Amino acid sequence: MTSSHILTGRYFMNGDHACAEGAIAAGCRFFGGYPITPSTEIAERLSRRMPQIGGVYIQMEDEMGSLATVLGASAAGARSMTATSGPGFSLMMENIGLAAMMELPCLVVNVQRGSPSTGLPTLPGQADVMQARWGSHGDYGVVAYAPWSPQEFFDLTVHSFNVADRYRVPVLLMADEVVGHMVERVEIPEADQIPYWERKRPSGSKKDFNPFKAIDDDLVPPLAHAGEGYRVHFTGLTHDERGYPDMSADTHQLLVTRLVQKINRNTKDLIRTEAFHLEGARVVVIAFGSTARSARRAVRVARERGMPVGFLRLISIWPFPEQLIRDLAQDVDAFVVAEMNLGQMIHEVERQVDQPVLGVHHAGGVMLAPQPILEAIEKVTKNG
Amino acid sequence: MVKPLLVEEHPLDGMIRADRMPHIWCPGCGIGIVMRCYAQAIIKSGIELEKHVVVSGIGCSGRVAGYMNIDSYHTTHGRGIPFATGLKLANPDLCVSIFSGDGDLAAIGGNHLIHAARRNIDITVICANNFNYGMTGGQMGPTTPYGAKSTTSIYGCPEHPFNLVYLLAAAGANFVSRWTTIHVRQVIDDVLYAFKKPGFSFIEVLAPCPIGFGKSNDLEKGIDEMLLYRERCVHKPDTPLDQLGIDLREDQPIYVGRFIDREAPAYQPILMEEKT
Numbered sequence: 127m128t129s130s131h132i133l134t135g136r137y138f139m140n141g142d143h144a145c146a147e148g149a150i151a152a153g154c155r156f157f158g159g160y161p162i163t164p165s166t167e168i169a170e171r172l173s174r175r176m177p178q179i180g181g182v183y184i185q186m187e188d189e190m191g192s193l194a195t196v197l198g199a200s201a202a203g204a205r206s207m208t209a210t211s212g213p214g215f216s217l218m219m220e221n222i223g224l225a226a227m228m229e230l231p232c233l234v235v236n237v238q239r240g241s242p243s244t245g246l247p248t249l250p251g252q253a254d255v256m257q258a259r260w261g262s263h264g265d266y267g268v269v270a271y272a273p274w275s276p277q278e279f280f281d282l283t284v285h286s287f288n289v290a291d292r293y294r295v296p297v298l299l300m301a302d303e304v305v306g307h308m309v310e311r312v313e314i315p316e317a318d319q320i321p322y323w324e325r326k327r328p329s330g331s332k333k334d335f336n337p338f339k340a341i342d343d344d345l346v347p348p349l350a351h352a353g354e355g356y357r358v359h360f361t362g363l364t365h366d367e368r369g370y371p372d373m374s375a376d377t378h379q380l381l382v383t384r385l386v387q388k389i390n391r392n393t394k395d396l397i398r399t400e401a402f403h404l405e406g407a408r409v410v411v412i413a414f415g416s417t418a419r420s421a422r423r424a425v426r427v428a429r430e431r432g433m434p435v436g437f438l439r440l441i442s443i444w445p446f447p448e449q450l451i452r453d454l455a456q457d458v459d460a461f462v463v464a465e466m467n468l469g470q471m472i473h474e475v476e477r478q479v480d481q482p483v484l485g486v487h488h489a490g491g492v493m494l495a496p497q498p499i500l501e502a503i504e505k506v507t508k509n510g
Numbered sequence: 269m270v271k272p273l274l275v276e277e278h279p280l281d282g283m284i285r286a287d288r289m290p291h292i293w294c295p296g297c298g299i300g301i302v303m304r305c306y307a308q309a310i311i312k313s314g315i316e317l318e319k320h321v322v323v324s325g326i327g328c329s330g331r332v333a334g335y336m337n338i339d340s341y342h343t344t345h346g347r348g349i350p351f352a353t354g355l356k357l358a359n360p361d362l363c364v365s366i367f368s369g370d371g372d373l374a375a376i377g378g379n380h381l382i383h384a385a386r387r388n389i390d391i392t393v394i395c396a397n398n399f400n401y402g403m404t405g406g407q408m409g410p411t412t413p414y415g416a417k418s419t420t421s422i423y424g425c426p427e428h429p430f431n432l433v434y435l436l437a438a439a440g441a442n443f444v445s446r447w448t449t450i451h452v453r454q455v456i457d458d459v460l461y462a463f464k465k466p467g468f469s470f471i472e473v474l475a476p477c478p479i480g481f482g483k484s485n486d487l488e489k490g491i492d493e494m495l496l497y498r499e500r501c502v503h504k505p506d507t508p509l510d511q512l513g514i515d516l517r518e519d520q521p522i523y524v525g526r527f528i529d530r531e532a533p534a535y536q537p538i539l540m541e542e543k544t
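Chains Y and U, in that order, are what the protein sequence lines are. The numbering of the first sequence is our numbering, which starts it at 127 and goes up by one. The numbering of the second sequence is our numbering, which starts it at 269 and goes up by one.
Each hint should be verified, as a subset may be incorrect.
Under the rule of at most 27 Å between Cα atoms (straight-line distance), these lysine-lysine pairs were calculated in the DSS-like manner [said to hold, decoys possible]:
1) 333(Y) with 319(U)
2) 333(Y) with 312(U)
3) 326(Y) with 319(U)
Keep in mind the hints are simulated off the structure, nothing from the lab. The model shown is predicted, which means the values in this text are computed figures rather than measured ones.
Construct all of the structure, not just a fragment, from the sequences and the given hints.
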């Protein structure tokens, strides 16, 4: 990676473009995708940028092909990504499962729009939260982040590539239309300020290498790339440490447990949150993505009016910060969860706490305003 | 007395993952013959073994990826071609082949098949065509001949099959041929040729499936379908493409040969001079 590829400097750019520049800054050299509103600007920007830096932009025939080609590029050693929105995200579910099973790192960006189905192509939503967690069939661990600004879209794109490589997982970057199309200041750091986490790579005898044997405590096996002489076999079938298909319940139990534990054991490294005014708070507001902007405003106004309110912003939405929420619950009377869907993340909060949890929900199509969140804060404060 | 010949080593031993044997294929299945041709072509190619990569989708033919002793990827149903596209574009030094079946490639993966051919991606597709979904027990598929029986077409297949050669030719592939499992030398030669030929190559190999397809169509033994190939196959590379459809009724010929061999430029990602 040469520093000249990174557009170090201060810009006024939209979130989708910031994501594309974040990918380049992270060393991504392969984009396979299919145009879909409101993520298309990521593809457009990378179709212009990749040819300038020796990377590949390929426009696929559909989203199944998009993620499949991204996984092939990852297997060959490239940092690779795709970007889509709800309908395409649905089509990618089969290969998100394949990525989890083959443990091939990749980045899937979902700039969420109003849904279900074709929904509201040009307008925002946050209703793919549970699909991100459970969308592909079966049990597997997943990592998902939700940026609240173009700057954070840039930063989390870099971070997502690092996490994907470090843990050999597909990382889902769950933006929304507001963040994707919003134009704000984005600061792109110097090349040496861009964090870079290496893939864990094999060493030692090529003949005795077991591509799915995790020796380290983090449960992540080293990744051998195609063409390196390890003669690896990767399959979506249940497989043993050699990568060979094995249709036994014991092998299945071992493999799937490891795929889940790989995330559960490393939550400290994966979970990211931001806290505002949590000290002494009796009510905590929880939000993520663009809704967090309104939530912060509501919390500020409430505090100005003397209400003891704090705010927890989820930067990572999966894995969910269960322990953190339980710790907060020690000193809190009530929670407010604001999200642009009819009630998804609220269930995760409710599972952790005994206190009342009041939801502020909207089906999408318009950003949640601060006012209904403020009203919810007032309601639970009065009740307390 | 002839002394029994004890073969301790087979010339293709290094190409097969012996610890994966026995394979899953039924007695009389033709896929092993096609895999053997692929292995033979790899050895003959002179390309380093570590540069060969095989990608498969799902199905009986998809299991080839698991048996070849090279870097191998057994992907989701129908997605072998886009996965292989990513491998090839991310590392152009690789010699990437897709080995899969007719249902995987032409039904669920049909869109990827025609678009990879249109782009003329420099990969080789070996399609073992056994006229049915074998792994799930012999259902009709996109290549099942009109009127042929299967577990989901017991009254005879009511659909017309793809003429894969015509399809791939129209889509833009640089090289398209069709053979059967009795044409072992031709298959080896064409796979070898396809490895070195820039652009998209498609080699269809008709393969017996006595258990899945044959039992419903009076071809109960593997040899029955081999005999049918021998009786019906006509090597006629200049046959008009639209007449290459396969019809097992009456005495229709099965045309085989190299039908397309052209020099359209292979797909290349755009590379721009960096602005300084």
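Give me the numbers of the hints this structure contradicts, sorted from smallest to largest.
none
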